[in-house]
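A.B. asks: Quick mapping for you: the protein sequence lines, in order, are chains D and U.
Here the first sequence stands for residues 1 to 123, numbered as in my numbering.
Here the second sequence stands for residues 1 to 123, numbered as in my numbering.
No lab work stands behind these hints, which were simulated from the structure alone.
Mixed in with the good hints, there may be bad ones.
Claimed, not checked - The following residues of chain U were derived to be distant from chain D, with all beta-carbon distances above 10 Å:
hint, residue
1, Ala-11
2, Gly-18
3, Thr-23
4, Ile-30
5, Val-36
6, Gly-37
7, Arg-72
8, Pro-85
9, Arg-113
10, Lys-115
Stated by the list, open to error - Under the rule of at most 25 Å between Cα atoms (straight-line distance), these lysine to any residue pairs were calculated in the SDA-like manner:
hint, chain 1, residue 1, chain 2, residue 2
11, U, Lys-109, D, Ser-121
12, D, Lys-29, D, Glu-99
13, D, Lys-115, U, Lys-109
Source: prediction; values computed, not measured.
From the three backbone atoms N, C-alpha and C, an ideal C-beta is built for every residue, glycine too.
Number of protein chains: 2
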Amino acid sequence: MLWGVSVYTPAEVVEETGFTLDTLRYYEKIGLLEPVGRNAAGQRRFSEEDVGWLGTIRCLRDTGMPIAEMLRFAELTRAGDHTIPDRIKLLEEHDHRVEAQIENLVERKRYIRNKISYYQSVL
Amino acid sequence: MLWGVSVYTPAEVVEETGFTLDTLRYYEKIGLLEPVGRNAAGQRRFSEEDVGWLGTIRCLRDTGMPIAEMLRFAELTRAGDHTIPDRIKLLEEHDHRVEAQIENLVERKRYIRNKISYYQSVL
DNA sequence: CGTTGACCTGGAGTGCACTCCAGGTGCGAT
DNA sequence: ATCGCACCTGGAGTGCACTCCAGGTCAACG
């Protein structure tokens, strides 16, 4: 048996990553995604790495990292292993912001629950 | 001694709520804030209630509630006590979304920390 | 009396992150 | 053969939440 590397159609990537096709194209256009491979007809065929990278993007996006910073992270990643310390730094800083976000949310949530209790008490 | 009700200048409200003056005017314009009182010269003088309400707005906004929904909450609040059950419902639903947000963030954070660990392991 | 500074208005502009569209290609099923 | 469908492109449009601007008022300070 002869195997090629496994590839994903746009529809499959949409399914797996939760990004829309337009968003995927947009990410490629701005360079957040490296130029995606194509089949003979010029249609995109995403590699395993593409999908893995999109998972990282999904995570960073969902934690509020702006596209400009993800772009910087993408560039560091492409630049080679010597940028690993920079990548760690970037992720650590982001991690701290995420922690702050969580704490803020927990605090605000307390306020909301309080407000609900107050409303319930006056019913 | 003769006391008026205590009022706040725009600058004081900016200081206390963290909203910019433009944002405050914007909120009043779209009706998120009821028309704010004015002094003889037509300048805004915010009441204690205005400031309290802005605290609530701050909380809802920081937890990701869209303006359209805060507007709905504002309208319910103005409509009188009979809307309290609706307000509770709205806040409960929001509270659930906030909880989901927190859980999501905690999960994503784990992924980020993992990625950092991986990078550190290859150094 | 002049200047500074906080404030006013209506309306235009901004930044972000998509999202949609028109018009076109190529492939597999009927 | 032709239909439907997934996909392609470049570029325009959208929605949200502000943010900025020009031109003006008013009170106080030196």
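A.B. asks: Determine which of the earlier numbered hints do not hold for this structure and return their numbers in increasing order.
C.D. replies: The structure conflicts with hints 8, 9, 10, 11, 12 and 13, although it agrees with all the remaining ones.
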